[in-house]
Amino acid sequence: MTPLLEVDHLRVEFPTRHGRLVALDDISFEIAPGEILGVVGESGAGKSLTGAAIIGLLDPPGRVAGGEIRFDGRRIDKLPYEEMRKIRGRHIGAIFQDPLTSLNPLYTVGRQLIETIQTHLRVSQAEARQRAIKLLQETGIPAAEARLDQYPHQFSGGMRQRVVIALALAAEPQLIVADEPTTALDVSIQAQIISLLKRLCKEHGAAVMLVTHDMGVIAETCDRVAVMYAGRIAEIGPVQAVIHAPAHPYTAGLMGSIPAMDEDRERLLQIDGAMPRLNAIPAGCAYNPRCPRVFARCREERPDLMPAGSTRAACWLHAPEASR
Amino acid sequence: MTALVEVRDLEKVFDVSAPWLNRMVERLPHQFVHAVDGVSFTIERGRTFALVGESGCGKSTVARLLVGLYAPTRGKVLYDGIDAAEQLQSARGKALRRRMQMIFQDPYASLNPRWPVWDIISEPLREHGLVKGDAALKVRVGELLASVGLAAADMHKFPHQFSGGQRQRISIARALATGPEFLVCDEPTSALDVSVQAQVLNIMKDLQRERGLTYLFISHNLAVVRHVSDSIGVMYLGRLVEIADKTRLFAAPRHPYTRMLLDAIPDIHMSGRARTPVQGEVPNPLNPPSGCSFHPRCPHANARCKTERPGLLTMAGVQVACHAVEEGRI
Numbered sequence: 001m002t003p004l005l006e007v008d009h010l011r012v013e014f015p016t017r018h019g020r021l022v023a024l025d026d027i028s029f030e031i032a033p034g035e036i037l038g039v040v041g042e043s044g045a046g047k048s049l050t051g052a053a054i055i056g057l058l059d060p061p062g063r064v065a066g067g068e069i070r071f072d073g074r075r076i077d078k079l080p081y082e083e084m085r086k087i088r089g090r091h092i093g094a095i096f097q098d099p100l101t102s103l104n105p106l107y108t109v110g111r112q113l114i115e116t117i118q119t120h121l122r123v124s125q126a127e128a129r130q131r132a133i134k135l136l137q138e139t140g141i142p143a144a145e146a147r148l149d150q151y152p153h154q155f156s157g158g159m160r161q162r163v164v165i166a167l168a169l170a171a172e173p174q175l176i177v178a179d180e181p182t183t184a185l186d187v188s189i190q191a192q193i194i195s196l197l198k199r200l201c202k203e204h205g206a207a208v209m210l211v212t213h214d215m216g217v218i219a220e221t222c223d224r225v226a227v228m229y230a231g232r233i234a235e236i237g238p239v240q241a242v243i244h245a246p247a248h249p250y251t252a253g254l255m256g257s258i259p260a261m262d263e264d265r266e267r268l269l270q271i272d273g274a275m276p277r278l279n280a281i282p283a284g285c286a287y288n289p290r291c292p293r294v295f296a297r298c299r300e301e302r303p304d305l306m307p308a309g310s311t312r313a314a315c316w317l318h319a320p321e322a323s324r
Numbered sequence: 001m002t003a004l005v006e007v008r009d010l011e012k013v014f015d016v017s018a019p020w021l022n023r024m025v026e027r028l029p030h031q032f033v034h035a036v037d038g039v040s041f042t043i044e045r046g047r048t049f050a051l052v053g054e055s056g057c058g059k060s061t062v063a064r065l066l067v068g069l070y071a072p073t074r075g076k077v078l079y080d081g082i083d084a085a086e087q088l089q090s091a092r093g094k095a096l097r098r099r100m101q102m103i104f105q106d107p108y109a110s111l112n113p114r115w116p117v118w119d120i121i122s123e124p125l126r127e128h129g130l131v132k133g134d135a136a137l138k139v140r141v142g143e144l145l146a147s148v149g150l151a152a153a154d155m156h157k158f159p160h161q162f163s164g165g166q167r168q169r170i171s172i173a174r175a176l177a178t179g180p181e182f183l184v185c186d187e188p189t190s191a192l193d194v195s196v197q198a199q200v201l202n203i204m205k206d207l208q209r210e211r212g213l214t215y216l217f218i219s220h221n222l223a224v225v226r227h228v229s230d231s232i233g234v235m236y237l238g239r240l241v242e243i244a245d246k247t248r249l250f251a252a253p254r255h256p257y258t259r260m261l262l263d264a265i266p267d268i269h270m271s272g273r274a275r276t277p278v279q280g281e282v283p284n285p286l287n288p289p290s291g292c293s294f295h296p297r298c299p300h301a302n303a304r305c306k307t308e309r310p311g312l313l314t315m316a317g318v319q320v321a322c323h324a325v326e327e328g329r330i
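These protein sequences, in sequence, are chains A and B.
Here the first sequence stands for residues 1 to 324, where the numbers follow our numbering.
Here the second sequence stands for residues 1 to 330, where the numbers follow our numbering.
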């Protein structure tokens with residue numbers, strides 16, 4: 001199957017007074033139609049930025065400084081703003097973290113949905129309204145027809161996020177970029193929203209790039225997962241393999257530091273130190289100062305993703321013997 | 001073992017009415033929120049008691065009542081046999097305040113950005129007159145920083161020079177300065193990344209072992225709570241619905257709300273497991289449901305649940321407030 005989205009050696013830079021900050025470097029991955037790819041990492045690892053680059057919403061002065069993003073075979077990272085606008089929403093939908101700020105507080109929910117539908121699809125006002133009602137019903141909002149004429153502040157946090165999901169699905173996009181869709185919600189609501197997102201995307205055949213810092217959400221939802229560290233992908237592979245047999249020491253550390261529900265440990269595995277700032281990324285592998293298995297090569301040469309068991313990891317431990 | 005903290009029928013009501021003029025002109029009624037509504041529990045010396053629940057359930061209000069940041073509307077907080085709620089509001093509260101400290105959720109908001117770490121940590125020492133003289137203070141602040149894994153030289157830096165995890169360690173060092181026995185930790189790791197959260201949780205556990213500290217640990221993250229606590233109270237809309245020790249609560253949750261919360265946790269080790277979808281949302285605390293406040297979301301609710309409020313009953317070592325459990329229906 002040809003991939004729906006191909007990200008190829010993507011590099012995002014922020015020019016500053018003190019030189020260029022490389023926020024994303026050498027990011028490569030693909031998403032197949034209907035697939036759910038998780039992107040996980042700690043704050044500042046570059047997960048949200050990757051999503052923003054794909055939907056063409058990098059905040060200036062940030063810019064794509066290298067590499068390519070191809071959607072359905074067409075290059076989209078260099079498209080003019082108006083061209084990109086036609087793709088965004090129609091072919092690539094977006095869901096953001098905070099459901100309150102992603103809805104316009106001055107317009108009714110119905111107006112926002114109908115406007116989105118009519119922008120992208122050639123349907124009449126009445127048809128658009130019917131579609132909007134159907135979308136709200138699909139996302140599990142009771143009394144959808146009456147709710148259509150209410151304003152976002154009349155909805156609870158969980159209900160708002162349902163509206164945002166309905167908006168993202170309004171034009172039947174092939175890909176949805178969901179950036180921390182459940183982080184602002186309570187645990188019991190999180191579970192509802194995640195299962196809703198998963199079900200709807202399956203029904204509509206949309207692929208999802210799910211950005212989150214919650215490994216639990218990733219485990220339950222995704223087919224594959226990319227683990228990011230300091231602006232690069234540290235490991236990428238099938239969810240089960242990454243969780244149960246992580247190949248990169250950072251993934252292993254990350255998994256060990258999460259308190260588990262089914263085992264008792266007196267101490268959690270801890271990764272000492274913190275992720276480096278963008279202007280102080282160490283030479284060689286960015287993780288080397290914190291890595292328990294660091295050796296000479298890690299400090300000098302930067303590893304690219306290489307096959308490691310059933311995943312691919314950017315770690316010299318997995319280099320073929322000959323070149324070590 | 002003796003109880004260090006005993007909370008008896010604690011209640012806190014907040015007046016959230018519209019301003020006087022609006023009430024007169026728009027004929028609005030007075031409105032009150034029962035943030036904490038008859039909560040009782042005890043914490044044994046040297047143990048960790050955790051309060052869990054969703055946002056708005058009153059866990060943080062309980063924390064603030066315990067350290068005297070709020071005065072209770074009704075009920076008592078007994079600290080080592082002393083009526084703490086009353087004494088903390090009076091001039092005699094200073095000696096007691098020294099024995100209990102609080103760690104807040106947001107390490108960015110809870111440290112004064114214009115004070116160097118030295119001032120932040122030495123303030124409680126000076127305020128309580130525990131260490132005399134700058135030289136001795138410096139030594140003590142250095143020791144405190146070392147006990148949370150920071151360097152003594154860090155005392156001259158400002159909060160913005162530290163990462164989130166390091167700031168939370170500074171908060172812990174400040175809380176430890178007066179040599180307290182009891183620490184109230186209100187979501188101490190919620191603002192932190194998982195790897196940093198592990199560092200902070202490990203430090204808290206080490207300190208508890210070394211100094212015999214007693215913790216009230218507040219969190220919405222059940223996995224974290226399971227890791228740190230000895231016994232757990234589950235709160236829903238200002239009331240405790242279940243109190244049990246850790247093993248019992250996680251192995252055999254009794255209250256339907258506890259079961260629902262446990263089902264809602266995404267579990268990284270059981271990929272693909274179907275969760276029981278949680279129904280409904282937390283009702284508006286301004287207008288809580290009658291009877292058991294959980295009944296609109298509860299799959300086991302019957303007529304009695306809608307009218308009669310269940311009390312906490314002890315059954316097989318677990319305290320549960322549920323008619324269905326009491327009647328043996330679940």
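Keep in mind that a hint or two might mislead.
[Claimed, not checked] Derived lysine to any residue pairs resembling SDA-like cross-links, with alpha carbons at most 20 Å apart:
1. B/205 to A/261
2. B/246 to A/238
3. B/157 to B/134
4. A/202 to A/261
5. B/157 to A/277
6. B/205 to A/238
7. B/205 to A/267
[Stated by the list, open to error] Far from chain A, by Cβ distances over 10 Å, these chain B residues were calculated:
8. 46
9. 54
10. 82
11. 165
12. 193
[Said to hold, decoys possible] For the chain A half of the interface with chain B, some residues (derived, Cβ under 7 Å), not all of them:
13. 257
14. 267
15. 268
16. 270
17. 278
18. 281
19. 284
20. 288
21. 317
Rather than coming from a laboratory, the hints here were simulated on the basis of the structure.
Even for Gly, the Cβ is constructed at its ideal location relative to N, Cα and C.
Evaluated hints:
For the hint pairing residue 205 of chain B with residue 261 of chain A, the CA-to-CA distance comes to about 18 Å; that is within 20 Å, so the pair holds. Restraint check for residue 246 of chain B and residue 238 of chain A: not satisfied, since their Cα atoms lie roughly 34 Å apart, outside the 20 Å limit. At most 20 Å may separate the alpha-carbon atoms for a hinted pair to count; residue 157 of chain B and residue 134 of chain B meet this at roughly 17 Å. Of the pairs offered as hints, the one joining residue 202 of chain A and residue 261 of chain A is violated, with about 29 Å between alpha carbons and a cut-off of 20 Å exceeded.
For a cut-off of 20 Å, the pair hint linking residue 157 of chain B to residue 277 of chain A stands: about 18 Å separates their Cα positions. Restraint check for residue 205 of chain B and residue 238 of chain A: the C-alpha separation of about 34 Å exceeds 20 Å, so the hint is violated. Taking the CA atoms of residue 205 of chain B and residue 267 of chain A, the gap is about 8 Å. The hint holds against a cut of 20 Å. Listed as outside the interface, residue 46 of chain B is consistent with that label: its C-beta sits roughly 16 Å from the nearest C-beta of chain A, beyond the 10 Å cut-off.
Separation of residue 54 of chain B from chain A is inadequate, the least Cβ-Cβ distance of about 4 Å not exceeding the 10 Å criterion. Its beta-carbon lying about 33 Å from the closest one in chain A, residue 82 of chain B satisfies the requirement of being farther than 10 Å from that chain. For residue 165 of chain B, the shortest C-beta to C-beta distance to chain A comes to about 6 Å, within the 10 Å cut-off, and the non-interface label is violated. At roughly 4 Å, the least C-beta separation between residue 193 of chain B and chain A is not larger than 10 Å, which violates its mark as non-interface.
Taking 7 Å as the C-beta cut-off, the interface hint given for residue 257 of chain A holds, the closest approach to chain B being about 4 Å. The criterion of a C-beta within 7 Å of any C-beta in chain B is met by residue 267 of chain A, whose closest approach is roughly 5 Å, and the hint holds. Nearest Cβ of chain B to the Cβ of residue 268 of chain A: about 4 Å, under the 7 Å cut. The hint holds. The interface hint given for residue 270 of chain A holds, since its Cβ lies 4 Å from the closest Cβ of chain B, which is under the 7 Å cut-off.
The beta carbon of residue 278 of chain A comes no nearer than 14 Å to any beta carbon in chain B, farther than 7 Å, and the hint placing it at the interface is violated. Look at residue 281 of chain A: its Cβ only gets to about 15 Å from chain B, farther than 7 Å, so that hint breaks. With 7 Å as the threshold, the beta carbon of residue 284 of chain A stays out of range of chain B, its nearest partner Cβ sitting at about 20 Å, so the hint is violated. Interface restraint check: residue 288 of chain A against chain B, minimum CB-CB distance 16 Å, threshold 7 Å, status violated.
The interface hint given for residue 317 of chain A is broken, as the beta carbon of that residue sits about 19 Å from the closest beta carbon of chain B, more than 7 Å.
When held up to the earlier numbered hints, the structure conflicts with 2, 4, 6, 9, 11, 12, 17, 18, 19, 20 and 21 and fits the remainder.
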